[in-house]
Amino acid sequence: MAIEWTEERVAALETPQIKNLRENALKRDVAALAELCSAELAKRNADKPRRIGQPRSEAKQFEHDMADQIAAVGKTLAEKYDLSEATAKAKSEGVKGFKAHKLLDSKGSAKLGGMQRDGSVAVDRYISYRRGKDIVTLSVFLLKDQPLESHEFQVIAPLTMLDGGKPVAEIRPTATPAQKQSADGGLSFKDLDSAAAAFDAVLAKIAA
139 MAIEWTEERV
149 AALETPQIKN
159 LRENALKRDV
169 AALAELCSAE
179 LAKRNADKPR
189 RIGQPRSEAK
199 QFEHDMADQI
209 AAVGKTLAEK
219 YDLSEATAKA
229 KSEGVKGFKA
239 HKLLDSKGSA
249 KLGGMQRDGS
259 VAVDRYISYR
269 RGKDIVTLSV
279 FLLKDQPLES
289 HEFQVIAPLT
299 MLDGGKPVAE
309 IRPTATPAQK
319 QSADGGLSFK
329 DLDSAAAAFD
339 AVLAKIAA
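Residue numbers (the numbering used here): 139 to 346.
These aren't lab readings, by the way, just hints derived from the structure by calculation.
Label pairs and their computed distance ranges (CB to CB): (1) N183 to Q317: 43 to 49 Å; (2) Q317 to E161: 54 to 60 Å; (3) T314 to A197: 20 to 26 Å; (4) N183 to K245: 24 to 30 Å; (5) L286 to D322: 24 to 30 Å; (6) G235 to N158: 56 to 62 Å; (7) T225 to E196: 38 to 44 Å; (8) E145 to D256: 50 to 56 Å; (9) K282 to A228: 36 to 42 Å; (10) K282 to D322: 21 to 27 Å; (11) S222 to D301: 22 to 28 Å.
Dumping the calculated DSS-like pairs for lysine-lysine here, alpha-carbon to alpha-carbon at most 25 Å: (12) K271 to K240; (13) K318 to K304; (14) K237 to K318; (15) K218 to K240; (16) K271 to K343; (17) K157 to K186; (18) K343 to K227; (19) K213 to K237; (20) K318 to K227; (21) K271 to K213; (22) K245 to K218; (23) K245 to K213; (24) K328 to K343; (25) K304 to K328; (26) K229 to K271; (27) K245 to K227; (28) K213 to K227; (29) K227 to K271; (30) K218 to K229; (31) K234 to K318; (32) K240 to K343; (33) K240 to K213; (34) K234 to K343; (35) K237 to K227; (36) K271 to K304; (37) K271 to K318; (38) K240 to K198; (39) K343 to K213; (40) K240 to K229.
No residue lacks a Cβ here, since even glycine has one placed at the ideal position from N, Cα and C.
Just need the whole structure built from these sequences, with the hints factored in.
The structure is reproduced here in structure tokens:
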């Protein structure tokens with residue numbers, strides 16, 4: 139027995155079902171049913187083509203890829219050390235104004251650094267961990283108007299925790315006093331593996 143399609147019956151369907159029903163109605167030349175489906179889809183704004191986002195620029199794609207690679211390092215190290223916020227808080231009891239750092243951003247990627255946020259550098263994406271008064275970060279850093287291959291991977295941490303570390307002002311010479319850095323020392327690298335190893339070494343000290 140053929141179904142008698144009404145506005146109510148069509149309206150009770152999910153949008154993909156209505157689209158399939160309309161397609162079948164058009165194939166079978168059932169114009170009235172096709173019109174019912176089209177009317178319901180119009181009410182739902184379901185026939186509008188989806189807006190296709192603009193493709194990422196080369197620089198934005200680079201930033202996105204690097205942020206994900208740094209996040210992957212963070213996820214690996216989070217399996218090696220206890221970097222939970224709960225442990226950080228417990229180990230930082232008595233430190234005035236302590237606020238635990240989320241290792242990654244809400245999407246599971248590297249966080250957006252302040253120097254990129256204020257537009258003073260092209261790329262500043264990082265992961266970080268805080269315990270007590272000490273903060274350690276691993277970042278990808280690129281100055282404005284520089285080619286992508288000029289980027290650096292940086293480990294910023296207390297100078298006393300870094301092997302061969304330099305004052306952070308040497309690592310980030312363009313930073314202003316207002317762009318307060320998270321620690322007084324740093325190391326810079328051209329490859330992520332070396333930076334990740336240095337970050338691992340610092341985490342071993344701060345999370346001990």
